[in-house]
Structures are given as C-alpha cells and as structure tokens.
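Asks: Top to bottom, those sequences are chains Z and L.
To get my numbering, take the position in the first sequence, counting from 1, and add 2.
To get my numbering, take the position in the second sequence, counting from 1, and add 7.
Worth double-checking, as some hints may not be accurate.
[As the list claims (entries may be wrong)] Here are the simulated EDC-like pairs of lysine to aspartate or glutamate, each with C-alpha atoms no more than 20 Å apart in a straight line:
1. L:Lys36 / L:Asp299
2. Z:Lys216 / Z:Glu265
3. Z:Lys130 / L:Glu300
4. Z:Lys122 / L:Asp38
5. Z:Lys130 / L:Glu201
6. Z:Lys224 / Z:Glu265
7. Z:Lys130 / L:Glu308
8. L:Lys36 / L:Asp321
9. L:Lys297 / L:Glu308
10. L:Lys257 / L:Asp89
11. Z:Lys130 / L:Asp299
12. Z:Lys130 / Z:Asp52
13. L:Lys36 / L:Glu308
14. L:Lys253 / L:Asp38
15. L:Lys297 / L:Asp276
16. L:Lys253 / L:Asp276
17. L:Lys253 / L:Glu45
18. Z:Lys216 / Z:Glu293
19. Z:Lys122 / L:Glu101
20. Z:Lys224 / Z:Glu266
21. Z:Lys64 / Z:Asp52
22. L:Lys253 / L:Asp238
23. Z:Lys216 / Z:Glu248
24. Z:Lys130 / L:Glu327
25. Z:Lys224 / Z:Asp186
26. Z:Lys130 / L:Glu101
27. Z:Lys130 / L:Glu309
[Stated by the list, open to error] Listed below are several chain Z residues computed to face chain L (Cβ distance under 8 Å; list not exhaustive):
28. Gly87
29. Ala89
30. Gly91
31. Ala92
32. Leu94
33. Leu98
34. Ala296
None of these hints come from the bench; they were simulated from the model.
Each residue gets a CB set at the ideal place from its N, CA and C atoms; glycine is no exception.
So you can see what is in the structure, the chains are spelled out below.
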Amino acid sequence: MTISHSQSLTASGGETVEPSTRKITYGAAIRQVLQEEMRRDPRIFLIGEDIGIYGGAFGITKGLLEEFGEERVRDTPISEQAIAGCAIGAALSGMLPIAEFQFSDFMTLAMDQIVNQGAKLRFMFGGKARVPVVFRAPLGSGMGFAAQHSQSLEAWFAHVPGLKVVLPSTPADTAGLLRSAIHDPNIVIFLEHKALYNQQGEVPTGDWRVPIGKADIKLEGKHLTIIALSIMVQRALAVAERLAQEGIEAEVIDPRTLRPLDEETLVDSVSKTGRVLIVQEAVLTGGFGGEIAARIAASKAFYYLDAPIMRLGGAEIPMPYQIQLEKHATPQEEDIYQAAHLLLQQKPV
Amino acid sequence: MSEQIPDLPRAQLRSMLSTMYRIRAFEEKVDELFMRGEMHGTTHLSIGQEGTAVGAVSTLRSDDYITSTHRGHGHCITKGADISLMMAELLGKETGICRGRGGSMHIADVQTGNLGANGIVAGGMPISTGVGLSMKMQGTDRVCLCIFGDGAANEGAFHESINLAATWDLPVIFLCENNQYGMSMSTRRAMRNETVAQRAAGYGIPGELVDGNDVLAVYATISAAVQRARDGHGPSLIESRTYRHKGHAKSDQNLYRSRDEIRDWQQRDPIQNFANLLISQEKLTQQEAKEDEAAAYAAVEEAYRFGLSSPDPDPETLLEGVYA
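Just chain L, same shape as in the assembly (with noise of 0.2 Å):
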C-alpha cells in the first residue's frame, strides 16, 4: 500500500473511498438477492477488486469514455452511474439503467461514457479502439479506458486492438485487471509471461504493473497514462494485479483456488487498507470512515426499494430498442 499520499485534495480523497463503500455495497447486496433468488441469470461480482475500479475511473472527465467488462458494476458505479437505476436493471425492471435489457452482463450508462460491460471476452477492446479514433478525428483531448481482464489478453482481440491503437497513436488506455483467473483458469497457466504488462514492449507502448488493491498506486498509474494519452503521444498498457474474494460466478464453487490464498488476500482488502491509510495521515476521521460507510450501504438499501417498486417492462414494448 502506498505509504505516501499523493497530493489530493482531502474531499477528493474521501469520495475514492466512499465510492469503494458503494462498490462493496451494492455488489454484497446482488450477492444476497440471488442467493434468495430474487435475481436471476448470472452476475460476476467484483468484490476485492475495488482499488482497481475506483483507482483507475476516478482518473477521468465525465467526457471520457470507458469499455468495461462482466465484472463491470465497480466501472459503471464510479463512471457516474446512479445506483438505483443500476439496481432495477439487475432486478429486470423497465426502469433499469437498460431498460431490463440489458441486465449485469451488458449494464452500461451511455450518458456518463460508459459503453458497457461486456459478456464477451475481449469484446470491448476493437470498440475502445474506435472511441479513441473518434476522439482524435474530431480534436478533442478526451480519452477511452478500456478494461479488460487477464482472460482477455489471451484474446485475438488483445493483439488486433492494441496493435491498432499503438499504430494510430490512438487516446486509449488499456488497462488489464488482472484478477489472476479467467474463470478457473489461473493466469500463471494461461500465459507464459510473467506479467501482461510486459507484452507492451511488443507494440511498442509503454507497459506497466500496479499494485491493483492499493487505490493510489493505480490513481497514480493510470493519470500517467492518461495525461499521455490526452497530449498525443498514443497508448499504454497498464496491469493492474488485484483478487476477486468471490468465485468467478454464483455457479462457483472455488475448487481452483485454496482457502488460505483467499483468505490471504482477503488480508490485503484495498478498502480497510485505504480507509487505515487514511485515517492514520488524518485525512479521515475513523468516525467519518464509518458514516460513509453506513451512507454507502444505505444508499444501496435505497436503491433495492427503488427497484422493488419499479415496473416490470411491458411485453407489448418487446421489440423496442432494435433499431435507431
């Protein structure tokens, strides 16, 4: 964990940390729903991945655009996204964020430049590629994050887009959180490479590997890279190592991975190991830890309520949406 604080403003600070409250929040809440079955389909939680989500988004301008993946709802939350609407689109209501479209897998928020989870691998990166040919044909400086997961680096769609964008000096910033599985699949069986971020040199970018719990060495990674990305100078590849604590799926039942290596780095969790950090440099009191905290999962509790009593979609809309 970074032991120096970098120079933030304190509100700035305690947001970051509220915003890990929410994630944490909101993703025990789903967890719970679809343990009592009031969720269906699948979720992906990105539970221990929160210095990742908040580290690397907060780094942006509203006018920035990201692609995320389908353990998105850390992206899409600091993106901007209201957590009501994002709720009723998990529990299927027609006031969803997607209009119960969508659901977790696909959950984006087109206003606050999140184009979407993905629930195919890889599937954003060739996107994230023509957001950031877009920005640079029309002058402007704004940028694309575009988040992947290790399984992704494996993809064709890996090489296809960071090749692009590397040639094309294009305003992307990729960024692999690295949760060390694809599913079961560990990376260290996965790949040869010690580290993804080492792949960059094949491109001709600048790669580098974060600690993906500790929140301020990613805010600071990631700025880098998008300071370099918004002056002209193209891409980077950022790898950001972090551990989800819940299996991959509810279908998981963690028959790859030992209960010490979970427990372990549930020892490292990037939210005490912040909200300590800060309380310690007296940025934050611990009782002002503990009212955003409340705050986060009273906020989530709202959002289940506004959900609850949306409407479900009107059949009769069923083919909406198909076509512009």
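Bound conformation, chain Z alone (with noise of 0.2 Å):
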C-alpha cells in the first residue's frame, strides 16, 4: 500500500515530502492525541464513564488521569444523557469537551441531547452559538458482544444535519482526525472501531491533520472501485491484494467521513473503473452504503456504469453472540472477494 498524496506533507516548493512517523496501534494514536491536545489547551477536557482509573472500557484513556488529573479527566456516574449534555452545555459556555461512551449503542441513550439539542442549537439560535465538542465512541462487531454492544450506527448520525460523522480505519486516519476534530468549532461524532483499537500503522508525529470531509484513495486501481467503510476497508486491502494476484487491480477508497461526504471522489473514482462495490458493516437496509449509491446513481459516474452498482452489508438481524453466527452476519474477505468477481462478470448491455 501506498501513502496517498492527501496523507504526504507538500513542502512551500510544492515538493512532497515523506512526514517522520511512528509505529502505533490505533487505539495508542487516539490516546496520543488526546494527550497532545490537553497540553496545548487547557480548555480541553475529557467526560465519560470509567476513564479515569480504569483508563475506558478499551484502555483508551489510560494513564491520562496520571498527567492531568480528576478535573480534565472527569468519570461520570452512568448517566449518558446528562455526558452529553453536560458536554454540549460547557462547549455552548467556553470549553472543548471530548466526552466518550463506552460503545456507540450506549449514544441511543443520549439521542435527544446529540440530535435534538446540540445538532440543532446554532441553527436554532439563528448562527449565534457554538458546540464544540467531539464524541468518542467504539462501534462494530467482531468480539463477541452480541447485539448491544457491537452495532455500527453510523448512519443514524450522518442523517442528521449539524454533525460531522467521522469513522477512520488507519491509525494515521484516525490520528489526524481526531486532531481535526478537536479543532473543529462544530460536533464530530468519531467513531472508532472496536477490533482495530491493537491494529498497528505507521502515525506521523508532530502537528498531523487529515482534513474531515476528504475521502482517501487507499489503493489505487482501474478494473473496480471497492469504496468500504470504517475495518471493511482493511477487508478490502485484502481482498484487493488477492485480486492483483489475479491481475485484477481494485480501486480502494475509504470515505472517512459520512457527512460532509467527499462525493466528488467517489464520483472520479466510478467514472474511471465504471464498476462499483459498496461494504459498509452495518445492517444493508437504510444504511450509508445505500446514500453512497444514490449520490454515484445520481452523478455523471452514471453514463459510466458498466456494471449496477453493488452493495454489501450487515444481515438484517440483532448481532448474535456465537462466533460463527456473528462472522456470517457481516461482509468477510471472501464475500467481498466474491462480489467483486460477481461484479466484474457482469456485462454492459
């Protein structure tokens, strides 16, 4: 894989360079950042259940209490509602909240403070009020959590307008983005997933931003565009490599962020290959997959179809518990390895 030219640094010459970097998990790039950011400003501070001592239900936080203290690291009894609203009203009044919940279905729980409240108020206030606060949440499945604790509900989040919806899949992603997010003057819900938290990547140092609302070309191809969301894109790499080896080269493109959605790359990328396979995990039926295709249906990507446009999804069910169950539930390497064979036999009438 490649480093793609909105990962490279450009120099004034316009020369592109190479940024130093280091190797961490996904889950220590979340942690670094946070830690970077709370010693830069000290309006930043960190709200949820158990990230204190315990360091989070996945570790994320750990250590963090150690440097800054129960004032900027503030556990909270479980009350997801008042997280999220506390973390609105102290953005509204002069602070940077980051606040986190243990696992994204837990944010149903907070839904009216998120969507009615602080998706809505700048608008509401005419423009004159300010949220910014990001919310932190694992998503997805894999671990054997069955159904509360392993949905992917991003696009519950990217249907309503005043967020940004932010799900990386890199290491480096997920670093640059949660500094963009941290930065922005607007909610981002970011969501993380769950099995990539140990997953190891190379993460450039110093001050590094991946802009929210540009898609990333992760592999750059010309017989089909595989555009996959949050782990599936690792899927994707995969099955990409595998499909070289059959001298088929798959565009992979990772989307990042939902909303705002970078179309114009998308588009580019099915206008050039003319076959497109859309693998989201979360359950088919009203999911962002379905949003993607529309938007690519709908532009000039259209006169370029060679092929429907494909889809892959979660299977419409609650995530069961066995691990085989749980497996067959979501899109593997060999189902999207499948499709894309299934994709690339179709014929233009």
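Two chains, two separate frames, one set of hints: put the complex together.
Replies: Put into structure tokens, the structure is as follows:
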C-alpha cells in the first residue's frame, strides 16, 4: 500500500515530502492525540464512564488521569444523557469537551441531547452559538459482544444536519482526524472500530491532521472501485491484494467522513473504473452505503457504469453472540472477494 | 403574598413590576396575533406565571446563564432580551433574535446568557449541568439557573442531571416552574409525591417549595440558592408553584380543568397582587403603576411594529447557520 496524496505533506516549494512517522496502534494513536491536545489547550477536558483510573472500557484513556487529574479526566455516573448534555452545555459556555461513550450502542440513550439539542442549537439560535464537542465511541462487531454492544449506527448520525460524522480505518487517519475533530468548532461524532484498536500502523508525528470531509484513495486501480467503511477498508485492501495476483486492479476508497461526504472523489473513481462495490458492516437497509449508491447513480458516473451498483452489508438481524454466526452476519474477506468477481462478470448491455 | 417587602431598592421593585407588565403585554399581543392568524406554528403563553419568571431570573447577574422551557418568553424578557427582536422572531423575520430560525419554542439570547427555550421537555436540564461545570472549571462564581416545568420532573433527564450536578457540586439552580399541568396531565395524576421539591432529598441537596405567584417569595428563595451555588456549595431544587391562565397551546380547549379552578387562580394574579402590595406599602403610587403598565403595552406595540416592518429571511440564506 502506498501513502496517498492526501496523506503527504507538501513543502512550500510544492515538493512532496514524507513526514516522519512512528509505528503505533490505532488505540495508542487516539491516546497520543488526546494527550498532546490536552497539553496544548487547558479548555479541553475528557468526560465519560470509567475513563479515569480504569482507563476506559477499551483502555484508550489509560494514564491520562495521572497526567491531567480528575478535573480534566472526569469519571461520570452511568448517565449517557447527562454526559452528552454536560458536554454540550460546557461547549456552549467556553470549554472544549471530548466525551467518550463506552460503546456507540449507548449513544441511543443520549440521542435527545445529540440530535435534538447539540446538532440544532447553532441553527435554532440564528447562528449565534458554537458547540465544539467531540463524541468518541467504538462501533462494530467481531468480539462476541452480541446485539447491544456491536452495532454500526453511523447512518443514524449521518442523517442529522449539524453533526459531522467520522469513522477512521487506520492509525494514521485516526490520529489525523481526531486532531481535526478537536479543532473543529462543531459536534464531531468520532466512531472508532473496537476491533481495530490493536491494529498497528505508521502515524506521522507533530501537528498531523487529516481534513474532515476528505475521502482517501487507499489503493489505486482501474478495474473496479471498492468503497468501504471503517473496518471494511482493511478487508477490502486484503481482497485487493488477492485480486492483484489475478491481474485485477481494484481501487479501494475510504470516505473516512460520512458528513460532509467527499462525493467528488467517489464519483471520479467510479467514472474511471465503471464498476463499484460498496461495503459496510452496518445492516444494509437504511445504511450509509445506500446514500453512497444514490449519489453515484445521480452523478456523471452513471454514464460510465458497466454494471449495476453493488452493495454488501450486515444481515438483517440483531448481532448474534455465537462467533460463527457473528461472522456470517457481516461481510468477510471471502464475501467481498466473491462480490468483486460477480461485479466483474457483469457485462454492459 | 409576602406581607413584608425585603430590603430591595425602590427602583428595583418598580423595575420588577414593570418587567411583569412587559411579559403580560407581550404574551397578550402574541395571543392576539395567533388569533388573527398573523403568527403561525404554535406558542405557549406564560400569562399567570410572571411571578416566577421575574422573581427567579431577576436574582441573576447579566453574566449568569439560564436554560429555559417551551413556555419561555417571560424568562427571556427578564434575562434582558430586546422584545422587538423577540417579536420579530415570533413573526419569522430576519431581524428576529434567532433570525427567524427558532421561533417561540427555541427563543434564545446567547448575549444575555439565555441558552434557549426548549421544544423538548427537560431538554435543557443536561445542558445546564455542562454550563455549571464550565463556570466551575473556569474558576468563576457565575451560575446557571435551569428552569423546567412539572412535566420535566418525570423525565429521565431530570434524574441524570440533578444527580450529576449534586455529585459534582455544580453551580446550578434547578427551578421547577410547576404550573400544575403537563399539557392536560395534572401533577396529581403524574406522580406520587406531594411536591417536586421533596425529591431533592433523593439527591442529597436542599429542596424548597415556594409560592410561585409571590414574586418576592420567589426572589428570596432563589437568591439564597444562587448564593449557595456561587459559594461553591452546589445545586438546589426549588419548586415554584404557579398556574397558567391560558391553555397549554393554541389547540387547548381546557377540557381537563374547571372554569372555577381557572377563575380561582386568576384571582391570585401575581401582577395585581404585587402592584397592590407595592402601592399599599407606599413603594409606588397608583399613578406610577398605571404609567408603567401603559408603557409596557406601548413598548410591545412598538416591538410589533418593528417586527412587521422587518424583512423576511431571504431563501438564499436557507442553508446558513448549521455549521460554524
């Protein structure tokens, strides 16, 4: 895999230079950005359940209590609605809160505050307020947590004007997008994949940022486009490697941000390859892949399509507990590989 | 009604009565405009509740915050909002205090510390805890007055918010403006407790019931709670019992309460009572009261004229103001 254009630093002369990097995990990348940003700006504080001495349900905030103290690493009672509202109220009055939900499923308990309050306040107040909050939460399956701890509800949030929705798939993107989210004057829903926390990768050091609203071409190719969300990006890249051995060049794109969506990058790619497979972990019906498909179908890319747009997504069931059932409920590498071949076999009429 | 007037300057007492007149005049004008079809959507009038709005909100400094309710015009006016901009907002004008994007249910005035009425019952309560936390973390002695209705006392947000504020000693004053009905649901049918205030015991904070139609009693009670919050001793839960003379909203036919009950409460009008008290104790002359009342109605007419003459929002600006 090559580092794509949007992940390179451009020197003043226009010459592209590779930034210095460090190999760390996706989870450590989050912790490092939180730490660096908290050192930089005293208005930033963390709020959530068991984020202090426990270090968070997935250990992401481990060690931050020791450095920043209880005032800025605030353990809360189990009160998701209060966590969300408290972050929003603090943001309205001059602070920069970063709230953690233990599992994104629990955000459903805070939907009034996120959707009816936070997302709309600025607009309802005639543009006279700011709500700079980052809501972090892990989504996705793969760890046997069953139906109430494994959902991918990103489409719920992407449906709401006033929110920005980000779901990174690599350590470098996680670091760069989280820093951008912290600097963003709006609510950013930052959805981490719990099965990626231990994934290693090179992360640029320094003030590394990835712009919100910019998709990334993870791999260039010409025969088909695979647009994948969150952990599906990793699976799509593995499939692309297998396809490459068969002489098939897949282009793999990670939108990274769902709202605002970088439609142009997606449309340009599909216009080039003429075939597109969209892969998400979320249940297919009402999922964000449907939005991507609709945008492509309504764009100039329509005229270049050599096959119907294809989607892969989660089965129409709550996430099962048993490990084999759980695998069958979400797209695996083999499913993506088969789908890619099916897509390539379709002939223009 | 209080018989003793606390040691407040005469000018302040007169100003409190004037604000009550202004709220009443504003609400009556809004009622009229809805009847005439000049305003659309819906609105919730606070006629009869002016004692609570003025008694509570006028205890605050201009740099303090409030969160308010769907019946929030009185809170907004007392916190210092310009009624011309409020009227323009309700008329959906670009000059409105929220550029015509919020309307009656979302009226807010960030400049004067009003973080908004709320279309969701109890929606402002979690937000108030964040404001309190913010004030505390910034090392100020500013406070947030969180106003909510009796209906909100049975929402989950009530529990989460008060528990959090109590646990963290946040400078928040929880004021339950109990007008005795959540739409048609009376508090007697909605909870086993006699009062909302007694629930304070469950959170380990002070709770007090006050006559919400007695502006001076409300002022005294909220003042003490505000001082407590400023001093770093945490939140209080105050229940101010009052009554709305008008229906819940414009669709209300008052089928759930008797005419006698409404008439009975109209006899206990907070404005009339306060004016009588000030006159009888020679803090104000009859003539001055009349002048202030007339001035309030004149100011509201002026606000209405301002709103009417203001431009509608340009559809070209439809997408503005969503993101910063």
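Asks: Are any of the numbered hints broken by this structure? If so, which, sorted upward?
Replies: 3, 4, 5, 7, 8, 10, 11, 12, 22, 23, 25, 27, 33, 34
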